[in-house]
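Residue numbers (this note's numbering), protein chains in the order written: chain A, 1 to 92; chain B, 93 to 184; chain C, 185 to 276; chain D, 277 to 368; chain E, 369 to 460.
Hint data in this document are derived by calculation from the structure and do not stem from the laboratory. Here the structure is a predicted model, which is why all the values come from computation and not from measurement. Check before you lean on any hint, since a few could be wrong.
To be verified - Each computed BS3-like pair below joins lysine-lysine, with the alpha-carbon atoms no more than 30 angstroms apart:
1) K293/D - K115/B
2) K7/A - K23/A
3) K17/A - K201/C
4) K201/C - K23/A
5) K207/C - K391/E
6) K99/B - K7/A
7) K201/C - K191/C
8) K385/E - K207/C
9) K385/E - K201/C
10) K109/B - K299/D
11) K99/B - K17/A
12) K293/D - K375/E
13) K385/E - K191/C
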Amino acid sequence: MYIGRVKGTVTSTIKHKLYTGHKLLLVARLNLDGSESSTYDICLDDVHAGVGDVVVVLDEGGSARQVIQKRGTGPARAVIIGIVDAVELSGA
Amino acid sequence: MYIGRVKGTVTSTIKHKLYTGHKLLLVARLNLDGSESSTYDICLDDVHAGVGDVVVVLDEGGSARQVIQKRGTGPARAVIIGIVDAVELSGA
Amino acid sequence: MYIGRVKGTVTSTIKHKLYTGHKLLLVARLNLDGSESSTYDICLDDVHAGVGDVVVVLDEGGSARQVIQKRGTGPARAVIIGIVDAVELSGA
Amino acid sequence: MYIGRVKGTVTSTIKHKLYTGHKLLLVARLNLDGSESSTYDICLDDVHAGVGDVVVVLDEGGSARQVIQKRGTGPARAVIIGIVDAVELSGA
Amino acid sequence: MYIGRVKGTVTSTIKHKLYTGHKLLLVARLNLDGSESSTYDICLDDVHAGVGDVVVVLDEGGSARQVIQKRGTGPARAVIIGIVDAVELSGA
Chain A
1 MYIGRVKGTV TSTIKHKLYT GHKLLLVARL NLDGSESSTY DICLDDVHAG
51 VGDVVVVLDE GGSARQVIQK RGTGPARAVI IGIVDAVELS GA
Chain B
93 MYIGRVKGTV TSTIKHKLYT GHKLLLVARL NLDGSESSTY DICLDDVHAG
143 VGDVVVVLDE GGSARQVIQK RGTGPARAVI IGIVDAVELS GA
Chain C
185 MYIGRVKGTV TSTIKHKLYT GHKLLLVARL NLDGSESSTY DICLDDVHAG
235 VGDVVVVLDE GGSARQVIQK RGTGPARAVI IGIVDAVELS GA
Chain D
277 MYIGRVKGTV TSTIKHKLYT GHKLLLVARL NLDGSESSTY DICLDDVHAG
327 VGDVVVVLDE GGSARQVIQK RGTGPARAVI IGIVDAVELS GA
Chain E
369 MYIGRVKGTV TSTIKHKLYT GHKLLLVARL NLDGSESSTY DICLDDVHAG
419 VGDVVVVLDE GGSARQVIQK RGTGPARAVI IGIVDAVELS GA
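Produce the entire structure from the sequences given, and follow the hints as far as they go.
Encoded structure:
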């Protein structure tokens with residue numbers, strides 16, 4: 001799992017029917033210092049995240065499937081499972 | 093899942109019988125700014141994508157199998173699940 | 185599996201209900217020479233690790249699920265499975 | 277899946293019995309321009325590939341297991357599933 | 369799967385009970401030219417490898433579980449499945 005920032009959305013008219021009705025969000029992975037890395041994922045969303053939100057992304061297919069199958073969504077490799085309130089870092 | 097551009101096709105006469113009759117597409121992964129990265133995947137196709145199309149790639153074996161097993165195809169790590177109409181990015 | 189150092193915690197009020205009541209720990213991956221890399225994971229914890237601890241992280245979804253399902257936790261890609269006492273390296 | 281070139285073989289007398297009688301091939305991953313990258317995998321072989329052959333490698337454990345279980349082989353993360361005749365690239 | 373060299377051991381008193389009684393080995397991944405990369409894994413061992421041995425590592429959770437479940441071990445992402453006698457490389 002990693003911390004990311006929702007950067008935008010992907011629109012796709014022609015898509016596999018399992019994804020019909022589901023938003024695809026572009027999420028940039030954040031580094032430990034809070035800066036954005038160049039790595040991103042297209043994620044399904046389980047917590048109604050919006051553009052600009054800092055989120056927790058579960059980036060493993062099997063686990064992601066467990067989360068979203070509870071809501072009738074199709075297969076996924078990455079899903080947003082939480083909105084981040086705070087990250088507390090120690091120098092230890 | 094990531095955004096990619098279909099770059100070409102791979103022809104293979106001698107191949108595992110599960111792949112007989114299926115096109116193998118070369119897809120370059122795109123960066124968040126729309127440029128092509130040097131990373132690619134050979135993908136199966138579920139939406140009749142063509143060379144030059146910008147597509148959504150599902151890049152996890154377990155999920156990819158769920159998508160393609162509905163069509164009698166063999167195992168895969170990556171499958172094209174949608175053709176991209178638009179990517180909307182926010183600076184937020 | 186890799187060796188990491190617990191760097192801090194992530195607070196998330198709005199999160200998938202499978203994660204309710206579970207701490208999310210930020211763990212930086214350590215290099216072989218003991219220095220911290222820039223790579224991190226958000227991990228679930230199975231051994232009551234604290235900030236500053238050097239830990240063993242199991243970073244594969246299927247295996248991580250096997251460990252945590254014994255405790256009623258939700259899906260995960262990474263879980264802390266041990267606290268490191270010593271790393272013995274040979275130059276061989 | 278990716279395109280690779282078979283570079284050599286690995287000999288191992290003491291090995292897990294599931295691999296007894298199976299050749300382990302060293303395959304270098306090729307870049308999109310056909311050059312060899314520094315990344316490699318040790319692959320099981322399902323199509324009788326030889327050293328120097330350009331091949332299609334299926335690099336995901338779950339899918340690889342589906343392919344090789346049809347032949348009584350042990351677990352694998354990567355398996356050669358085809359020999360490449362041609363790669364057709366478009367500048368589009 | 370990749371080729372690695374056993375570099376040392378990790379001692380952990382407080383660990384998940386599935387790992388009790390099992391050695392955790394530090395294995396550095398080798399490049400194709402035989403040099404050590406900076407990448408490593410903590411591996412379970414299925415062939416009694418020792419420090420300094422060059423080994424074959426199976427680095428995928430699902431496959432690794434298949435190997436070790438035959439011996440009553442816990443979940444793992446990486447397991448040593450063979451000791452390397454020789455690597456034969458061709459310039460082809």
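Each hint, compared with the structure:
About 36 angstroms separates the Cα atoms of K293/D and K115/B, which puts this hinted pair outside 30 angstroms; it is violated. Of the supplied pair hints, the one linking K7/A and K23/A holds, its CA atoms being roughly 13 angstroms apart against a limit of 30 angstroms. Distance check on the hinted pair: K17/A and K201/C sit about 27 angstroms apart at the alpha-carbon level, within 30 angstroms; holds. Between the alpha carbons of K201/C and K23/A the distance comes to roughly 20 angstroms, so the proposed pair stays at or under 30 angstroms and holds.
Between K207/C and K391/E the CA atoms are separated by roughly 28 angstroms; this keeps the pair inside 30 angstroms, and the hint holds. Of the supplied pair hints, the one linking K99/B and K7/A holds, its CA atoms being roughly 26 angstroms apart against a limit of 30 angstroms. Between K201/C and K191/C the CA atoms are separated by roughly 25 angstroms; this keeps the pair inside 30 angstroms, and the hint holds. For the hint linking K385/E to K207/C, the alpha-carbon distance of about 20 angstroms falls within 30 angstroms, and the restraint holds.
As the CA atoms of K385/E and K201/C are separated by approximately 27 angstroms, the hinted pair is consistent with the 30 angstroms bound. At most 30 angstroms may separate the alpha-carbon atoms for a hinted pair to count; K109/B and K299/D meet this at roughly 20 angstroms. For the hint pairing K99/B with K17/A, the CA-to-CA distance comes to about 24 angstroms; that is within 30 angstroms, so the pair holds. Proximity of K293/D to K375/E is assessed by CA-CA distance (about 24 angstroms); at most 30 angstroms being required, the pair is judged to hold.
Straight-line distance between C-alpha atoms of K385/E and K191/C comes to about 24 angstroms, which keeps the hinted pair within the 30 angstroms bound.
The earlier numbered hint that this structure contradicts is number 1, and it is the only one.
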